[in-house]
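Please model the entire structure based on the sequences and the hints provided.
Quick mapping for you: the protein sequence lines, in order, are chains A and B.
Here the first sequence is numbered in the numbering used here, starting from 857 and rising by one per residue.
Here the second sequence is numbered in the numbering used here, starting from 16 and rising by one per residue.
Since the hints were made in silico from the structure, they are not lab data.
Don't take every hint at face value.
Computed footprint of chain A on chain B, listed as stretches where at least three residues anywhere in the stretch have a Cβ under 8 Å from a Cβ of chain A [to be verified]: (1) 123-134; (2) 285-296.
Label pairs and their in silico Cβ distance ranges [said to hold, decoys possible]: (3) S153(B) with L1099(A): 49 to 59 Å; (4) Q257(B) with Q916(A): 33 to 43 Å; (5) L1019(A) with T199(B): 52 to 62 Å; (6) A157(B) with Q916(A): 30 to 40 Å; (7) R348(B) with T927(A): 31 to 41 Å.
Cβ-to-Cβ under 7 Å is the rule here; a few derived chain A residues that face chain B [as the list claims (entries may be wrong)]: (8) I1055; (9) S1059; (10) G1305.
For glycine and all other residues, C-beta sits at the position ideal for the given N, C-alpha and C.
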Amino acid sequence: MNRKLAVCLILITLLPLAVISWLGASRIMGQQDQLRRQGEILLKNNLDNAGQRIQNILLQIESSLIQLLPTGEPPFAELASISRRSPLVTQAFFLSRSGTLLYPDSNLALSTGERDFLTRTRLLWNDNAVLQGNTVPENQKRRLVQSSGRMKKTPHSLLSLALEQPHGWIPWYWEDGLHLLFWKSTAEGTVTGAEVNGITLISRITASLPEGDEMTGRYVLTDARGVSVYEWGRESEDTGTPLVQSISLPSPLHAWQIRFYGSEMPSTEGDIRNQVLMQATVFILLILTMIGLSVYFFRESSRSFREAEHQVQFVNRVSHELKTPLTNIRLYAELLEDKLSEDETSAGKQLQVIQTETERLTRLISNILTFSKQDKTGPKIKPTPVCVDDIIRQILKAFKPSLEQLGIQIELDLQASANVALDADAGGQVIYNLLSNVEKYGRSGKYLGITSRQKGGLTYITVADKGPGIPRAHLRKIFTPYYRVSSSVTEGISGTGIGLSISRELARLHGGDLVLSESRYGCTFKWIIPSRGQTA
Amino acid sequence: MKKASFPLRIKAAALSLLVIAGQTLYGSPARQIQLEVSPSHPVLLSDRTQTTTIKVGLTGFDIDRAHRSPVNISLVIDRSGSMQGEKIRRAKEAAEMVVDMLGEDDIFSLVTYSSSVETLVPSTRLTEKADVLRSIRSIRAAGNTALFGGVSKGLAEVRKFQSRNQVNRVILLSDGLANVGPSTPRELGKLGNSAGREGIAVTTIGLGLGYNEDLMTQLAMNSDGNHAFVENSNDLARIFEQELGDVLSVVAQEVEIIIHCRPGIRPIRVLDRQANIKGQDVILTLNQIYSSQEKFLLLEVEVPEGRAGAKRDIAEVEVAYANIVTREKEQLRQTAMVSFDKSETTVKSSVNKKVMVESTRALANERSRSAVTLRDKGDVKGAESLMMQNAAMLKSQAGILEEPELMQEAQEAEEGAEELKKKESWGKTRKSMVKKQYKTQNQTKY
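Spelled out as structure tokens, the structure:
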């Protein structure tokens, strides 16, 4: 019973789920795209932000140096003091207008620091020194790397640089790493400057950069040799994370970079998680709802089924209960009838009524039992060779009184005397139902016509009336169980609505059929029985 | 009548005595750095050029702990993977102890580093200790060692509220090698130098046997901080306590010592310490002077011939510093003087034994450092020989100068010679030696 329903329900549940999943998936993919694009923007922002912080530090240091370095022609003691005391400066220097290094002066007594400074920067002070842009060496050799803010094709010396700009940087690499020279030109055409402690610079830059591992992906500040100076962001477990993007730093660290390594675009943790979480939640809720609904429907319909089944079973039992007393009543009515003589007509008539009503009741119960048996295994018929006409006459006998009372004219034309394979009870049921309907609904026609013919292996029985007939709209439905045309005709008349469906069922069980024929007025039902019949 | 006035006179005399005494005691500025300028040989042999040593020593005055100046400390703690377990637990305990010992006026910050750096507690006054303690307890160990980044962020935190009216310090605790960012001793030395010039000393505490002691000492020395070798993490709390004790006992900052050698006097070198010699001037800067502690430098100078009986100014010493109690810049001046005599006995008997002891120690320390360098190169025999030379020198000087402590140190030198031969324990021995050398060189308390 419920298998079909179960299958239906499962389909009902799964189909929308499939659709939702597909929709959800394509939505998520679309959002992945969006997230990726957002991630790219976020990455760019992060990189730019970090670059900006570094730029700020460089500007701060620049302005500190500009303030710190004296203008004009400072006493060298002051420069020496700055060289000793300032965290930014390892050694200050001073160039004359002609480009000669006046401080530190190699002709005077030098401290160790000053001496080392001169060694490191010797090539820089040479008037004819050509300061060229250079690629950073792989290993640290004594090389000179210079680049000013704007690279020009023709070589410059520091002094000529100073003529063009008010201040600037000269970075270069010595054995021990990055060295930076900062210089500022004075109105008199001299140059005051300082070798800046590269480590101080790096330390201040490092301190200004983001920290921790909250950002996805790894950000790495690398120096000109590609060596990591400082890192932040979530470190990945595998070392093969690809380099996604990098930006270069502003001068004087333009050989430096901030690199981003990551297998996925950055996003705030929240974004991805939220998206997935939301989708998942909605999805799960939907699934739960669907499951809930289908379970509910399933149970509801099961209940209906179960209730129906209970009802049917109840009716069955009741009918069986009723059948036994009825049989007894019929039996004794018949016995009584036999006992009656021809003269006792009033008693005979009363007995007749008893018999008719009993018959009716029996038929009704039969109908119900037949019908309810359908739900389980279907009614069983035991065809035996019977004469249809006999059955017709027998059933008619039961109806005669009431038909006569209703003033219905009966016309019989029975020519089916040959035996056919037919379950006598079932056949009787069919006729009974048809006649019952005429009695109930076709009485206004005051006519009942029954014919029977046998031709070509088939027996045709027609039951016709001249009543109001059945409206077109209901033609197909009248054979469906419980169906009663509701009209002025049927109102007020009790009926179960199962008669025709049972009759047709029984007719079909024998390999025949029960149909409603075309007729100009009233109803004409045609019952077809194959002569050979079917064994159940 | 005279009899009656007698007691009155006595009273008057007593009273005036008291007043004078009072003025001496309280009238003169008692809270001042003590400057000592002492030649090792106040009497030199006449008629020959010779080398002598001038000691310039500074001793901090006593301060009342209860009225100490506030401090501005940043703790920088290594939480790399190697710190997992007992080490990080002890480190956290020590950090909590530091917070407990500080007061409401003190400024505290906490930076941890592994592969990345985190500023767990940005510089804040310790009015609400509970939050700070909670942050400390949340520290977990895992990852690499971004030491440079950690110290840089620590310096930045101290910088936020830096003031010369308080002691500004970064305390670094590390058990490993730096491997993210600048990691060589030279680079960290430069960082130390920069920090020192800013007035922020960096004390480095090396935990266990895996840290790079050269890196740690360079960072500390150039910023005039302390350095400790803590083999067992149980000792961490004690070391932190000692360090904090030092910090709380600073009496002067921004100390600059300039020795102007008189014309004709040639400054040769400073023993054991690193100072700036330019021409006739020798300049040494120190970040701080602690109460009841002496910091000194020993300058070797060449003195030209002098006539017997003559006296000569050989150097003028200028010391400038910022007194943390008076919040004022103060200056001290003193001259070093020698005289000349024909008699060797006079010369010998006038030797300043204390200065000679300190000179001996300084020389031995220099040689001990050379021994380590040789041993690093694989020359075990050479290193051993240097240590034995030390032992010999210390022994002989112990007798001459009548200083039993030098005997003790001679023995330690001999033991050192034995120890550095052992290959397996060289890592530990080296750390131990470097720590001792640091202490002698910088005259730190612990």
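Cross-check of the supplied hints:
| no. | hint | in the structure |
| --- | --- | --- |
| 1 | 123-134 | holds (count 5) |
| 2 | 285-296 | holds (count 5) |
| 3 | S153(B) with L1099(A): 49 to 59 Å | 33 Å, violated |
| 4 | Q257(B) with Q916(A): 33 to 43 Å | 37 Å, holds |
| 5 | L1019(A) with T199(B): 52 to 62 Å | 38 Å, violated |
| 6 | A157(B) with Q916(A): 30 to 40 Å | 34 Å, holds |
| 7 | R348(B) with T927(A): 31 to 41 Å | 32 Å, holds |
| 8 | I1055 | 4 Å, holds |
| 9 | S1059 | 4 Å, holds |
| 10 | G1305 | 102 Å, violated |
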